[in-house]
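Engineer: Whenever a hint applies, use it, and build me the whole structure from the sequences.
Just so you know, the protein sequences line up as chains G and W, in that order.
According to full-length UniProt numbering, the first sequence is numbered sequentially starting from 1.
According to full-length UniProt numbering, the second sequence is numbered sequentially starting from 1.
I should point out that these hints are in silico values taken from the structure, not numbers from a laboratory.
No experiment lies behind these values; they were computed from the predicted model shown.
Here a beta-carbon is modelled for each residue, glycine too, at the ideal position from N, C-alpha and C.
Among the hints, erroneous ones may be present.
[As the list claims (entries may be wrong)] With a straight-line Cα cutoff of 20 Å, these simulated EDC-like cross-link-like pairs (lysine to aspartate or glutamate) come out: (1) K25(G) with D140(W); (2) K32(G) with E234(G); (3) K123(G) with D140(W); (4) K60(W) with D56(G); (5) K25(W) with D56(G); (6) K316(W) with E327(W).
[What the hints assert, rightly or not] Derived coverage of chain W by chain G (criterion: at least 3 residues anywhere in the stretch with Cβ under 8 Å from a Cβ of chain G; other residues may be distant): (7) 63-72; (8) 103-109; (9) 275-281.
Protein chains: 2
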Amino acid sequence: MSLIVQKYGGTSVGTTERIGNVADKVAGWRDKGNDVVVVVSAMSGETNRLIGLASDITDKPSPREMDVLVSTGEQVTIALLCMALEQRGYPARSYTGSQVHILTDSSFSKARILDIDNQNVQKDLSAGRVVVVAGFQGVDEHGSITTLGRGGSDTTAVALAAALKADECQIYTDVDGVYTTDPRVVSDARRLNKITFEEMLEMASLGSKVLQIRAVEFAGKYNVPLRVLSSFEEGEGTLISYEDEEMEDALISGIAFNRDEAKLTILGVPDQPGVAHKILGPISEANVEVDMIVQNIAEDSTTDFTFTVHRNDYDKALDILKQSADELGAREVNGDNKIIKISLVGVGMRSHAGIASKMFETLAGEGINIRMISTSEIKISVVVDEKYLELGVRALHEAFELEKSPQ
Amino acid sequence: MSLIVQKYGGTSVGTTERIGNVADKVAGWRDKGNDVVVVVSAMSGETNRLIGLASDITDKPSPREMDVLVSTGEQVTIALLCMALEQRGYPARSYTGSQVHILTDSSFSKARILDIDNQNVQKDLSAGRVVVVAGFQGVDEHGSITTLGRGGSDTTAVALAAALKADECQIYTDVDGVYTTDPRVVSDARRLNKITFEEMLEMASLGSKVLQIRAVEFAGKYNVPLRVLSSFEEGEGTLISYEDEEMEDALISGIAFNRDEAKLTILGVPDQPGVAHKILGPISEANVEVDMIVQNIAEDSTTDFTFTVHRNDYDKALDILKQSADELGAREVNGDNKIIKISLVGVGMRSHAGIASKMFETLAGEGINIRMISTSEIKISVVVDEKYLELGVRALHEAFELEKSPQ
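Structural biologist: Next comes the structure, spelled out in structure tokens:
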């Protein structure tokens with residue numbers, strides 16, 4: 001007998017009929033002898049309806065009251081799912097975040113979980129009940145309702161799984177797993193049976209939006225095996241866990257990409273200690289997030305400095321950089337907001353040489369000019385002109401034979 | 001400076017625009033230097049929408065989960081009202097029943113308030129905040145959400161006013177006060193400035209459905225002055241309090257009536273101790289509520305026994321009564337479900353004789369046959385054929401000059 005924490009998102013519980021389907025799924029896991037804790041989101045559309053009511057009233061809703069408002073969305077779902085389970089003969093009990101009790105800090109709308117007291121949940125599980133918990137919400141030390149931010153139900157599920165020492169945390173969603181790359185770009189992209197937490201983090205942050213990145217971090221930190229699977233189709237989904245001996249022997253797990261990149265370059269900056277901070281400090285103070293950073297020392301003891309930002313922040317970042325260039329006595333500032341990023345991700349890189357050169361060779365073979373390169377232990381990212389996105393991803397997917405299962 | 005508890009019902013907060021109007025009203029009371037606690041219901045239609053979702057899923061929803069579900073309705077309103085207040089520059093803080101904390105028993109969907117811990121509310125009032133509380137809900141000793149039953153927001157307001165020792169509890173509704181009788185029946189029915197708790201209880205239980213009867217009882221018990229007034233029009237409304245010297249010097253405060261009555265008679269019951277219990281016991285065991293009861297001893301030492309029930313219970317009560325008649329050896333059972341009840345209510349009756357005879361004379365003058373009479377200290381009720389309702393009420397309203405303000 002296993003203890004399983006399951007999370008069903010807004011689409012999976014979007015109608016009362018679908019809530020009935022979720023109850024059937026949960027019942028199936030109970031019938032196999034498992035203890036089940038279910039975390040649910042608000043019915044799809046409900047959170048937006050509530051936000052709409054608030055915006056009818058004010059442009060600047062109080063964050064505390066906004067959390068009181070939107071947290072009702074999940075509360076509706078937990079009650080309905082318990083009714084559906086009991087109607088099928090499965091005793092169930094619902095809990096709001098406050099009732100569990102999921103203690104968070106007081107950062108309304110983006111609270112972080114500090115502690116989970118799962119005594120009530122444990123008691124109900126022992127009594128043979130399915131426990132249904134409202135995702136995305138908690139309570140602060142003053143008893144105020146908090147929310148973890150949009151999509152935070154994944155985090156609730158993982159945190160509960162960690163606190164309960166669950167055997168597996170299953171995230172049900174509208175895709176049936178994690179793919180080698182976006183199937184809309186590469187038609188023979190393949191579902192991965194397994195992937196490591198580290199790979200998933202690199203995939204997620206680079207645009208494969210299957211799971212909340214905080215949930216993956218949390219799962220990795222507390223070593224909670226995480227499975228992504230479809231609410232609507234049968235299947236094993238993708239298991240996200242630590243690398244083990246059974247792990248597929250792949251060099252590359254997947255190809256992530258990001259369409260909304262822009263790059264900025266400051267040329268001929270007199271080289272001196274602290275120059276990176278002088279350039280990037282004002283950018284970060286303006287709340288612009290910097291992704292890749294590359295610095296070259298030129299022969300005349302000046303330095304060239306290039307970094308990428310989200311395309312929405314391009315104009316703002318360019319203005320700031322021009323001002324810094326004046327102050328630092330730099331020669332020139334330029335930028336390009338028609339670029340994208342392609343990344344190969346795989347723990348296999350650690351033990352295999354030659355992957356980077358195969359990547360560069362493949363792109364060169366297609367006539368794709370690389371504008372920027374950045375590498376980490378399990379990832380190689382390149383920046384190229386945006387027109388090459390599909391061509392580059394497809395060429396790399398084929399070159400590394402990702403459509404085939406390893407062994 | 002006074003402490004005022006206000007309650008706004010579902011119609012008063014039925015749209016975001018109306019919630020804005022409520023915020024304006026509350027702001028007006030704050031501007032006059034009052035501390036204000038506001039109790040709100042769910043936006044009109046919302047509770048029914050939630051019940052509809054539940055009935056899509058099951059015919060027999062768990063009462064606990066039903067309360068989790070419907071309590072979200074008021075939670076939405078408290079958040080929106082706080083936003084509206086803060087947008088107008090009035091600091092505000094919302095509380096669910098559980099957050100206040102309004103401790104109830106565990107009778108889901110019809111819980112009774114056991115205790116109110118108002119420390120948080122007091123702290124917010126001292127800090128100059130408007131406190132907005134979700135009506136109709138509480139929390140039991142296990143931390144489960146409970147509801148007080150439909151319309152229970154009035155009870156929340158009164159209970160909070162009692163716990164906070166408020167100067168007045170104002171119930172905002174869609175009528176502008178308590179009237180001498182239903183204005184749809186008597187066009188010159190007059191709004192009462194004041195009425196006593198006892199009169200209000202008699203009026204409410206007899207069909208003037210302005211206020212929840214439990215809320216009036218509660219207010220009377222804890223001596224909380226209660227004011228009924230309109231959300232939509234200006235005006236003083238009607239103050240419900242204990243009799244005082246300033247109280248209007250009226251003989252009669254109002255005329256209540258009830259359309260849905262039925263009467264049952266058992267004739268020729270051999271008179272013996274306990275006969276009333278033998279007749280009414282089985283009726284009450286069948287959950288049929290009995291209103292008026294009249295017993296006459298006939299000359300042959302048998303007794304005749306008449307009582308009234310709600311018209312919906314007529315057939316059930318008649319069946320039970322026929323069975324009892326057989327067992328008791330009664331001569332006959334008959335009934336009539338085309339009757340109504342008219343009641344004069346007024347604390348003035350206590351000190352004035354002749355009111356009953358004036359009532360009977362007035363009805364006789366219109367050719368209305370009285371079928372049954374029952375009196376209490378502050379009420380005289382008569383049962384008449386249903387066709388005489390309008391005629392009887394109008395004649396009595398005129399005879400007692402209720403359209404005129406006393407003095």
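Engineer: Taking the hints in turn, state whether each one holds.
Structural biologist: Evaluation of the provided hints:
no. : hint                 : result
1   : K25(G) with D140(W)  : 31 Å, violated
2   : K32(G) with E234(G)  : 16 Å, holds
3   : K123(G) with D140(W) : 18 Å, holds
4   : K60(W) with D56(G)   : 36 Å, violated
5   : K25(W) with D56(G)   : 18 Å, holds
6   : K316(W) with E327(W) : 17 Å, holds
7   : 63-72                : holds (count 7)
8   : 103-109              : violated (count 0)
9   : 275-281              : violated (count 0)
The structure fails hints 1, 4, 8, 9 (numbered hints given earlier, in ascending order).
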